[in-house]
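Protein sequences, first through last, are from chains A and B. Per numbering that gives the first Met the number 0, the very first residue in the first sequence carries number 0; after that it's consecutive. Per numbering that gives the first Met the number 0, the very first residue in the second sequence carries number 0; after that it's consecutive.
Hints in this document: simulated from the structure, not taken from any laboratory. Misleading hints may appear alongside valid ones.
Estimated spans, in silico, between C-beta atoms of each pair [what the hints assert, rightly or not]:
| no. | chain 1 | residue 1 | chain 2 | residue 2 | range |
| --- | --- | --- | --- | --- | --- |
| 1 | A | P170 | B | P130 | 30 to 36 Å |
| 2 | A | E251 | B | N7 | 46 to 52 Å |
| 3 | B | G156 | A | M303 | 40 to 46 Å |
Quick list of in silico lysine-lysine cross-link-like pairs, DSSO-like style, CA-CA up to 30 Å [as the list claims (entries may be wrong)]:
| no. | chain 1 | residue 1 | chain 2 | residue 2 |
| --- | --- | --- | --- | --- |
| 4 | A | K156 | A | K115 |
| 5 | A | K78 | A | K246 |
| 6 | B | K12 | A | K282 |
| 7 | A | K78 | B | K114 |
| 8 | A | K78 | B | K170 |
| 9 | A | K282 | B | K170 |
| 10 | B | K170 | A | K246 |
Everything numeric in this text was worked out from a predicted model, so none of it was measured. C-beta: ideal position from N, C-alpha, C; glycine also.
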Amino acid sequence: MANRWKNTLKESDATPESVYLNRRQIMAGLAGLGAIGGAASVGLMSGSKPAVASTDPLEPNTLEEITSYNNFYEFGTGKDDPARYADQMTTSPWTVKVDGMVDRPGDYTFEDIMAKMTIEERIYRFRCVEAWSMVIPWNGFELADLLELAGVQSSAKYIAFETLLRPEEMPGVNFPVLDWPYVEGLRMDEAMHPLTMMATGIYGRDLPNQNGAPLRLVVPWKYGFKSIKSIVGITAMDQEPPTSWNKSQPREYGFYSNVNPEVNHPRWSQASERRIGGGLFAKRVPTLMFNGYEDEVAGLYAGMDLRAHF
Amino acid sequence: MSMADRLNGVARKVPTGAVYLLFLLPAPWFFYLAANGQMGVEPINTLERKYGEMALQLLILGLAITPLRQYLGINLIRFRRAIGLLAFAYVAMHLLVWLVLDVGILSQIWADILKRPYITVGMGGFALMIPLAITSNNMSIRKLGPKWRKLHRLTYGVVLLGALHFLMLSKGFQLEPLIYAALIGGLLLTRLAPPKSMERARST
Ligand code: HEM
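With the sequences and hints as input, model every part of the structure.
In C-alpha cells form, the structure reads like this:
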C-alpha cells in the first residue's frame, strides 16, 4: 500500500542532488511570482493555504546542511559530533527486533524489510524543538506498511521504538546525558498515518549514519526528537510507552510533542523558527501549526487539549 | 628562581594593552568566520555560544587571580581589571547576537526575557555586571573607597548566575556545564578558607 500520499512536486521524482539544486534555482526564479511559486509547492499540503505555501517554497536544504548539523546524542551533544563520530557505527548487518502485540514477531534484517517495501520520496519540513528547521528530501516507506508486514494486532494501541545502544561505537553514551537506549513512541493512529514514514535515504542515497542509518522514523508534524534514529526495536503495545526526553524532563517534553507555535516551552519560544542555510543574517519565520501539516493531521487530535497533551 | 617567580617576571613585562588586544581579537575573528560560512550551517547559534563561552571563561580567569596569588604566589593582579572588562565585553556581544541576530523580534525578546528562566538568569548576570564595568577605573576606586570592594563582590553573583545559566540551557544531563560549575564552586570556596600562610602573614 505504498504511495498513499502524493508529492505533486514533479521534479522530485528524480533524485540526484544536482537536480534539486537546479530546482532550487528555478524556485528562486519563481519566488517573485507568488502565485506560481505557490502552485509549484502546494503539493506538500494538498490543497491547503496557498498563502503559506507561496512564502514557503519548500526548497530542500543541501546535503551538506542536512548532514553537518545534527542532534544524535549517542555520538555527543555538539551539533557537529554526529558528523564526526557516527561513521564508527556499524550499520550492516542490521536487524530490527519486532515484538509485542504482533502476529509475526521476530528479528527482521534490514534486507528483509527493504525487499518487501516500496521506496518513495517525500520532501518534508523538519522542525527541531530547538527552534531551527530544515526541508529534507527523504527516501523511505510508510511505517504502516512495515506494521502490516509484522501483523500488528487490533488490540495494540501504541508503537514503541528503540535506538541502537553500542557503547564501543557510540562515544556519547558513556555519559548519562539521557537514560540510554533512546526510546520513542507513537499512538497507533499516528503510527498508521500516511505521513509517518521510515526513512532509509536522503537525496536518493543511503541514509548517512549521522541522520540515523540505516533506518529511522520521520514524523513531520512533531518535533524532531520524536523521529527516532537507527532503530533496532519496534514493539506494539496497549499502553503509552516511555519516551526518552519525557523521562528526562517531563515538564518540557510531552509524549505527543506536536509542533505547536501556541504551546509555550520553558526553554525556547516555539512561535518562530530559523531555517538552516540562511547564514549569519537569516531571519526567523513563523512556525506553522503541526509544522504545516495541519490539514492532514489535526483530525487525529480532535477534542484533545493540546496544552495539556503537549 | 621558582616557577612562580619566573612567571611573575614575565607577567611584569606584559603591558595590559596586550592583554586587551589578545583577548579581544577572537571577537571579530569569530564574527568573520560566522559571516563567511566557516562556522557551520547555523552560524548564529554557534557565534552566540562562542561569545558566551568566552565570557564565562574570562569570568573564571578573573576569579582565579586571587587564589593564584594566595596559593601559588603567581601575581596577575595587574590584569584583573582588563579581564573583568573583557568578560563584560563578551557578555555584551553575546547579548547583542541574541537580540539582533538570533531573536530579532521585539515582542519575542521581551517574552523570552520574562518567560525563559535561563534567559532571565543570563540577563540577571549581565545587569549585575553593568555597575562593575562602570566602576572599573581608578577614579571610581578612589571615590568609592571601601565601598568599591564591597560593590565588586557582585562578581561572585555574576559567575554564579553564569554557571546556572549554562546548566539550565543544556539539554539532558551534560558534562561540560557541570565542569564549569564545579570550577566556579571551587574558586568561590577558596574565598571562605584563605590559606594558612595568609592568616599567619596577617596576624604577624
Ligand atoms: C553573565 C552573563 C552570561 C554568561 C556568562 C553566559 C554564558 C553562556 C554560555 C557559557 C553559554 C553556552 C556556550 C556553549 O554552549 O559553549 C551560553 C549560551 C547562551 N546564552 Fe548566555 N551568558 C550570559 C548572559 C546571557 C544573556 C544576557 C543572554 C540573553 C538575553 C544569553 C543568552 C544565551 C543563549 C540564547 C545561549 C544559547 C542557548 C542555546 O543554544 O540554546 N546569555 N551563555
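Results of checking the hints against the structure:
no.	hint	in the structure
1	A/P170 <-> B/P130: 30 to 36 Å	44 Å, violated
2	A/E251 <-> B/N7: 46 to 52 Å	49 Å, holds
3	B/G156 <-> A/M303: 40 to 46 Å	44 Å, holds
4	A/K156 <-> A/K115	24 Å, holds
5	A/K78 <-> A/K246	22 Å, holds
6	B/K12 <-> A/K282	47 Å, violated
7	A/K78 <-> B/K114	26 Å, holds
8	A/K78 <-> B/K170	13 Å, holds
9	A/K282 <-> B/K170	24 Å, holds
10	B/K170 <-> A/K246	13 Å, holds
When the structure is compared with the earlier hints, violations turn up for hints 1, 6 and for no others.
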